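Visitor: Read in order, the letters of the first sequence are residues 1 to 230 in the numbering used here.
Everything labelled a hint here was simulated from the structure, so no lab data went into it. Mixed in with the good hints there might be a few duds.
Dumping the calculated DSS-like pairs for lysine-lysine here, alpha-carbon to alpha-carbon at most 30 Å [as the list claims (entries may be wrong)]: (1) K129 - K100; (2) K129 - K168; (3) K129 - K68; (4) K120 - K68; (5) K129 - K54; (6) K60 - K100; (7) K60 - K168; (8) K120 - K58; (9) K168 - K156; (10) K100 - K54; (11) K120 - K100; (12) K96 - K68; (13) K54 - K120; (14) K156 - K129; (15) K129 - K96; (16) K156 - K120; (17) K54 - K68; (18) K68 - K58; (19) K58 - K96; (20) K156 - K68; (21) K120 - K96; (22) K168 - K120; (23) K168 - K58; (24) K96 - K60; (25) K100 - K68.
Restraint ranges, calculated between C-beta atoms of paired labels, are given here [stated by the list, open to error]: (26) H9 - D117: 35 to 45 Å; (27) Y23 - K120: 13 to 23 Å; (28) R172 - Y101: 40 to 50 Å; (29) G103 - D13: 36 to 46 Å; (30) R114 - D13: 39 to 49 Å; (31) R123 - V21: 30 to 40 Å.
Quick caveat: nothing in here was measured; it's all calculated off a predicted structure. Positions of the beta carbon are idealized from the N, C-alpha and C atoms, including for glycine.
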Amino acid sequence: MGVIQSKPHNLIDIVYRRLLVEYGPQNWWPAETWFEIVVGAILTQGTSWRNVEKAINKMKSAGAMNPKAIREMDSNMLSELIYSSGFYRIKAGRLKAVTKYLGQRFGDNIEIIRDVDSDKLRRELLEIKGIGQETADDILLYAVGLPIFVVDSYTKRIFSRLGIASEKGSYRLYQSMFMSTLGNDVSLMKEYHALIVQHASKVCRTIPSCSKCCIKSKCEFGSKQKDIYD
DNA sequence: GGCCAGGACACCA
DNA sequence: TGGTGTCATGGC
């Protein structure tokens, strides 16, 4: 998967400034605690955030928004709490797996997690069944606070249409392009991913003149609006 | 009624 | 290594 765009850095820089002007600071992740970020990262897999919020609120009401409670909770009960987020049986298992890891490895202490080498921590997260690259990086960036850029389908869709690389380019290819541009600026990485999601999931729904939406696979976003970023 | 959502994984060629 | 089906509720 080769890079098509010869100068992606300028494009990445320009798009960020445009998005920030358009939407303003997003101050992600929308959560009260680091552990709520971990839960949200898993529950939002393939699911709209609206459905995730309902599940998170139910978990909070049930006193289940902590690692120990999830570990000790019956799987069927946990599935009921997160029902609205979809894939609830699978996600209940994933929450069980990640909380088991957090307990055994760190004693549920975020400060101890922050002491671990980032590459090693990423590898450990990826070894947990149900934690893929995007979910792992969500956790590393937003919960742990490490300078790791999160690549999602929106990122690939939008930037492939701007000619930066193929939409089928690997996760690591996109991530390396962004990280080499953004350096180690954690807050910048948090904002950028949030702005991409904000733009991709809402802009085309709120602009009547856009008959096609960039969340749809056939949308011409990028090719039609590329001049915006020139 | 169909499409899509802040993915991950098993399976197959 | 890449493509496809599966998991599933809920909004539009």
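Visitor: The structure should be examined with respect to each hint, and the outcome stated for every one.
Guide: Hint by hint, here is what the structure shows:
no.: 1; hint: K129 - K100; verdict: holds, 12 Å
no.: 2; hint: K129 - K168; verdict: holds, 24 Å
no.: 3; hint: K129 - K68; verdict: holds, 19 Å
no.: 4; hint: K120 - K68; verdict: holds, 24 Å
no.: 5; hint: K129 - K54; verdict: holds, 24 Å
no.: 6; hint: K60 - K100; verdict: holds, 19 Å
no.: 7; hint: K60 - K168; verdict: violated, 38 Å
no.: 8; hint: K120 - K58; verdict: violated, 33 Å
no.: 9; hint: K168 - K156; verdict: holds, 8 Å
no.: 10; hint: K100 - K54; verdict: holds, 24 Å
no.: 11; hint: K120 - K100; verdict: holds, 18 Å
no.: 12; hint: K96 - K68; verdict: holds, 10 Å
no.: 13; hint: K54 - K120; verdict: violated, 33 Å
no.: 14; hint: K156 - K129; verdict: holds, 24 Å
no.: 15; hint: K129 - K96; verdict: holds, 10 Å
no.: 16; hint: K156 - K120; verdict: holds, 26 Å
no.: 17; hint: K54 - K68; verdict: holds, 21 Å
no.: 18; hint: K68 - K58; verdict: holds, 17 Å
no.: 19; hint: K58 - K96; verdict: holds, 17 Å
no.: 20; hint: K156 - K68; verdict: violated, 36 Å
no.: 21; hint: K120 - K96; verdict: holds, 21 Å
no.: 22; hint: K168 - K120; verdict: holds, 27 Å
no.: 23; hint: K168 - K58; verdict: violated, 37 Å
no.: 24; hint: K96 - K60; verdict: holds, 16 Å
no.: 25; hint: K100 - K68; verdict: holds, 9 Å
no.: 26; hint: H9 - D117: 35 to 45 Å; verdict: violated, 27 Å
no.: 27; hint: Y23 - K120: 13 to 23 Å; verdict: violated, 35 Å
no.: 28; hint: R172 - Y101: 40 to 50 Å; verdict: violated, 23 Å
no.: 29; hint: G103 - D13: 36 to 46 Å; verdict: holds, 41 Å
no.: 30; hint: R114 - D13: 39 to 49 Å; verdict: violated, 29 Å
no.: 31; hint: R123 - V21: 30 to 40 Å; verdict: holds, 38 Å
Checked against the numbered hints above, the structure breaks hints 7, 8, 13, 20, 23, 26, 27, 28, 30 and satisfies the rest.
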